[in-house]
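**Q** Spelled out from the first residue to the last, the chains are:
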Amino acid sequence: MRQALGVVFARAALLSCCWAACATVASAQTPSSPSALPAGASLLNPNVSVIGWFQGEAGDQLKEEGTQAFALREAELGFQANVDPYSRADFFIAVDPEEGVDLEEGYLTLVSLPAGFGVKVGKFRNNFGKFNRTHPPETPFADRPLVAERFFGEEGLASMGASVSWLAPLPFYLNFDAEATNTPESVEAPAFAAYRGRDLLYVGRVSTFANFGESANLTLGVSAASGENALSLSDTTNAVEPSRATVYGGDLTFHWKNPRRAIYRSLLAQVEWMERSAEPLGGDDVKRSGGFAMAEYQFARRWRAGGRYDWSRSLDPAVSGTAIGALYYVTFSPSEFSRVSLQMRTRDLENGSNESRYYLKTTFNIGPHGAHPF
Amino acid sequence: MIRTIRRLALWASVVVLALKPGDASAAKQLLVVTTTQDLGAIATEIAGDRARVETLSKGYQDPHFVDAKPSLLVKLRKADLFVEVGRDLEVGWIPGLLQSARNPRIQSGGPGFVDASTGIAILEQGAKVGREEGDVHPLGNPHHWLDPKNGLVIAANIRDGLARVAPADKAYFDTRYADFERRLRERMAGWKKDAESMGLTGLKVVTYHRSWPYFADAFGLQVVNYVEPRPGVPPAPRHIQELTEQMKSEKIPLLIVEPYFDPKLPARVAQNSGAALVILPPSVGATPEAKDYFSLFDAQLAAIRKALAGRRTP
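Protein sequences, first through last, are from chains A and B. Our numbering puts the first residue of the first sequence at 1, with every later residue one more than the last. Our numbering puts the first residue of the second sequence at 1001, with every later residue one more than the last.
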């Protein structure tokens, strides 16, 4: 399954989201083997998968907002295949009642470049931090961390453009990513605001990885994203002055899993922090930061329990103070391909209000066997 | 004159041929990366001193569930030859790693890509495939290395792969393959005799996972049921009860478990049914005794012999 949701968001350690297609194609290229494979054309169809995300929510605020208790949050359709010997294509189409049909990601990856380079073009989730790369149904959470929601919006930072990555020829893992994409609208990613689509969003990330024995390992990454920030300058004079907002981020992930008992116990802990620096009209540089820390323990073959602590300042310079929040969850996976998670979230906002919410997140996958998470 | 030229040409080619192996050994050693230690052991037999062989997982790991750690990318990036078990065994971790490896040589279809299952008579193909059956392999059972005769096919696939990436050493790989084939055939005859002397022919056994059909084929065992009938889905209590009853009534003497599964439940089934539990190394490296492809089968047969003897003289 493409997403054992329990630890899946860490999967972004690898540059790719999806890969079931490769293996099928590889196996299909074994003409000499005596075979009962399905014949002919269907082997050339892309791998098709669907992830359903059904969610129940409860809480006092929801009644005021008039939100319905149960909703199909998203159905995510994936189409993945090799295009030719040089490239592969991945499309993810999200269908949800609010936004309708949306191309969540759709990109071409060149897999046969020399010297450790990789190139991706199309629409994709920007490689900022670790959490941002994971598709919402596949994160372990029913919501998004407060800082991710405030900086990069409900769906996370995703845009159209090109990405180059380079894996350094060293005896350890050191990877560099550089992306140039359209700056998203502020309603999509509040940290930035596109103005007539003039200036691009530039994202860079450096990540490294170290094993500590065969059971434990650490992933460390630093990221930066700089994009257009038109809201701070177009209000009064309508004068077009160049202004940019920059977000810096750091992430640290710890994994533990005994490879001799891989399917029974594991631990994942992660901290992610980011700071946005932007210049409001006629004012001084405003820095706003936030982050989250999470830990998840798999205590039985099909059970995981986890928690997340959130803190974040508002991007609005007029708001002072820091909002904090906490999420607790227990997840049961009947098989590798489905899971049910009971979650509780509390938040204390800057204005002194607090809220509690309860979630029942259910996700299920149909289609070919995809990647296990790392 | 023509004769002289011919003679010179002949001498020149002799000199070139004589120099060539020297050149090849002076050249950089190949890097062969295999997904499992079984493939690594066979690759070492064929590649000899022409290659350094590294494996991405250990024999005591469940090959379905290996973490796609970024450190594995570092090995794949430099690999000249990549060998996988195939048949979707590694579908959860290899396709993504290959895609991120930035190494065009070892991509599926590239000269340095070897699917070890090519040419093997794959079992359980065309069986009913659907997720209601658990995490099944639509391309047939991938545990093919557990029949030593398939080891020859794997070795031939690796030999052909090596010859593709290092054509100058083709003769060397051919010779090593021939030597491996001779030794393996010799041992196969011995193992067969051992298995017969232990009474394995037609012996009914139960296994934890569907890892053993090739092994059963090779040594005459008859796998009649599984502790986990639907791969990846923990067994229901009712199945365990029925299994225990079946093992009692059919007097099934042996329950085979892979070392990476929790032995508590199968141990209880074995105890309640009077069968002997044997934790069998499914791969090279799974136990210290299974050092290479030959000692893997030695270790397996020794473990079964011990388990059966322990049962007969309690």
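The hints are simulated quantities; they were obtained by calculation from the structure and are not laboratory data. Built from N, CA and C at the ideal position, the CB exists for glycine as well. The reader is advised that the hints may include incorrect statements.
As the list claims (entries may be wrong) - Ranges between beta-carbon positions, derived for each pair:
#	chain 1	residue 1	chain 2	residue 2	range
1	B	K1149	A	I93	43 to 49 Å
2	A	L360	B	K1149	49 to 55 Å
3	B	G1190	A	F299	44 to 50 Å
4	B	A1267	A	A178	37 to 43 Å
5	B	P1234	A	N211	28 to 34 Å
6	B	P1104	A	A210	23 to 29 Å
7	B	L1265	A	I366	25 to 31 Å
8	A	W303	B	S1249	31 to 37 Å
9	B	P1167	A	A210	37 to 43 Å
10	B	P1167	A	S112	30 to 36 Å
11	B	G1048	A	F176	48 to 54 Å
12	A	A300	B	P1288	26 to 32 Å
13	A	P169	B	M1198	35 to 41 Å
14	B	M1198	A	N211	53 to 59 Å
What the hints assert, rightly or not - Under 7 Å between C-beta atoms, here's a sample of chain B residues computed to sit facing chain A:
#	residue
15	S1071
16	V1074
17	Q1099
18	P1104
19	G1109
20	K1170
21	Y1172
22	T1175
23	E1228
24	P1231
25	G1232
26	V1233
27	Y1260
28	K1264
**Q** Would you say the C-beta atoms of K1149/B and I93/A sit inside 43 to 49 Å of each other?
**A** holds, 47 Å
**Q** So, as I understand it, the hint says G1232/B touches chain A; can you test that by seeing if any CB pair is closer than 7 Å?
**A** For G1232/B, the interface hint holds, since the closest Cβ of chain A sits about 5 Å away, which is under 7 Å.
**Q** State, for the Cβ atoms of G1048/B and F176/A, whether the hinted interval 48 to 54 Å holds or is violated.
**A** Given a distance of about 37 Å, which is not inside 48 to 54 Å, the answer is violated.
**Q** Given the range 53 to 59 Å, decide if the beta-carbon distance of M1198/B to N211/A lies inside it.
**A** violated, 41 Å
**Q** Should the hint that A1267/B and A178/A are 37 to 43 Å apart at their CB atoms be regarded as holding?
**A** Taking Cβ atoms as reference, A1267/B and A178/A lie about 54 Å apart, which means the hint is violated.
**Q** Between P1234/B and N211/A, is the Cβ distance one that fits in 28 to 34 Å?
**A** Because 30 Å falls inside the window, the suggested range holds.
**Q** Given K1264/B was flagged as interface, is its beta-carbon under 7 Å from a beta-carbon of chain A?
**A** violated, 11 Å
**Q** State, for the Cβ atoms of P1167/B and A210/A, whether the hinted interval 37 to 43 Å holds or is violated.
**A** holds, 38 Å
**Q** Does the CB of Q1099/B sit less than 7 Å away from some CB of chain A?
**A** holds, 5 Å
**Q** How does the Cβ-Cβ distance of L1265/B and I366/A compare with 25 to 31 Å: does it lie in that range?
**A** holds, 29 Å
**Q** Taking 7 Å as the limit, does the beta-carbon of V1074/B come near enough to a beta-carbon in chain A?
**A** At about 5 Å, which falls below the 7 Å cut-off, the nearest Cβ of chain A leaves the hint on V1074/B intact, so it holds.
**Q** May I ask you to test the interface hint for V1233/B with respect to chain A, counting a Cβ-Cβ separation under 7 Å as satisfied?
**A** Given a least distance of 5 Å, the restraint on V1233/B holds.
Hints 4, 10, 11, 13, 14, 20, 21, 22, 23, 24 and 28 from the earlier list are contradicted by this structure; the remaining hints agree with it.
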